[in-house]
Each structure stands twice: as C-alpha cells, then as structure tokens.
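Chains A and B, in that order, give the protein sequences. Here the first sequence stands for residues 1 to 113, numbered as in UniProt numbering. Here the second sequence stands for residues 1 to 113, numbered as in UniProt numbering.
Mixed in with the good hints, there may be bad ones.
[What the hints assert, rightly or not] On the chain A side, residues computed to face chain B include the following (Cβ under 10 Å):
| no. | residue |
| --- | --- |
| 1 | Gly6 |
| 2 | Val8 |
| 3 | Val19 |
| 4 | Ser22 |
| 5 | Ser53 |
| 6 | Ala54 |
| 7 | Ile62 |
| 8 | Thr63 |
| 9 | Gly89 |
| 10 | Ser96 |
| 11 | Ala98 |
| 12 | Val101 |
| 13 | Arg106 |
| 14 | Arg112 |
Honestly, the hints are just simulated from the structure, not real lab data. Note that beta-carbon positions come from the ideal geometry of N, C-alpha and C, so glycine has one too.
Protein chains: 2
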Amino acid sequence: MSDPVGPVGPFEPPYYAVVFTSVLAEGGQGYGETGERMDELVAAVPGFLGAESARTPGGVGITVGYFRDEDAIRAWQSDPEHRAAQRRGREEWYESYAVHVAKVERSYGYVRG
Amino acid sequence: MSDPVGPVGPFEPPYYAVVFTSVLAEGGQGYGETGERMDELVAAVPGFLGAESARTPGGVGITVGYFRDEDAIRAWQSDPEHRAAQRRGREEWYESYAVHVAKVERSYGYVRG
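Chain A extracted, bound-state conformation (with noise of 0.2 Å):
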C-alpha cells in the first residue's frame, strides 16, 4: 500500500491474514499499475480490514491482506480482474510466490507514547 503511516490493526480475532510472498522475476511490464488496482478492488470487498506490502530492492516481497472471515477471502479470490492479475503474475512477474491463508488467534501493538 502506498504511505503507509503504520502497521496494519491489529485487530479483534478472530479474523484471516493472507500472506503473499514473492520474487520477482526480471523485465516485467505492468506490474506497478495492476498492482494499484487490485489496491483499489480489493478496498471494496466486504469484510476487508487492511493490507501492507513491503520489498526489499532485490530481494523478496511480502504483502498480507487481512480479512474478516473466509467469505471476504473468497470474494476477493473470485474477482476476475484479481484472477486475470494472478494469471499475469505468474507468466509476466514473478519468479516464484508462496501464499499462506491463516486464522488470526490473537493480536497485539504497540505505539510509541
């Protein structure tokens, strides 16, 4: 996400966070824009509570979504701007990605008083 001003939640469980890791692979076109988008989509699926991503320059990224409940995944799983942006990921810009779907048990933070 762009700007963010902090971490994301936490917030009351149980709720789902999705993790997307990922490599990219060299050259890739379109990458930057479709991703602003599935921002934008994925804003409006009910059940949605937030997401970050974050890359090192070359190295690996990690985006997690956090969700409400399984429905609010598979809406979001569903969408078909969001599948056709999966399919492209893997031929156009990613070298390799793992996805974990998890339940939240318990969460916490901190802000700095």
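Following the hints, put chain B in place on chain A, whose structure we already have.
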C-alpha cells in the same frame, strides 16, 4: 533473513505464521546486530520452520516467522535474549508495531518452470 533466494514454504498445514509489522523510529542504534542475533537464536528453536523479512526504505517492515505449533512459538517468545530485545525494541527502535499470531489452514506456492 539475509540473502533470500525465494519465498519460505509453503509447509504442510497446520502450522503457525507470526506476522510482525513495524515502523522504525529515527536514530536507533544496534538494530541490525540484534536482528542478526535473533535470526541465529530463532533458527535453534525446535519447531521453527523459517522466516522472511522485507522493509521498504522509509516505510513499513514486515517479518513473518513460521512455526510448527504453539509450543514452538512459546519457546521463542519466552527466550530471555529475545525478551530483552523486545524491550529494547520498544524503548529504542520502533515507532509502532503490530503482531498477528495465526494458524495456517492452507498454503500453496508457485515456482517458474
């Protein structure tokens, strides 16, 4: 973790993902050295599966640690050196952070053929 060559996992569910997201404060000292020591220590915890980190310059950092079960998480969270580092993190390194402890229900991966 240093020199990632690809995403960690996926592993055979169930397992746990501990998502740690943070924004750094300005001017902290000893952050990198302590991080390297924590990488060493966690690798020795029985049931630790792997971890990965990314930090966008000037933005949010995300570290995800993967553990076989709750016992492994407890062992890591009760490690005295880790606890001391956490205290120091609040006092010196982090502007804010959030932790999400989540049980992975399904996972999958892709590697370019």
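*Run the structure past the numbered hints and jot down the numbers of the failing ones, going up.*
Going through the list in order, the structure violates no hint and respects every one.
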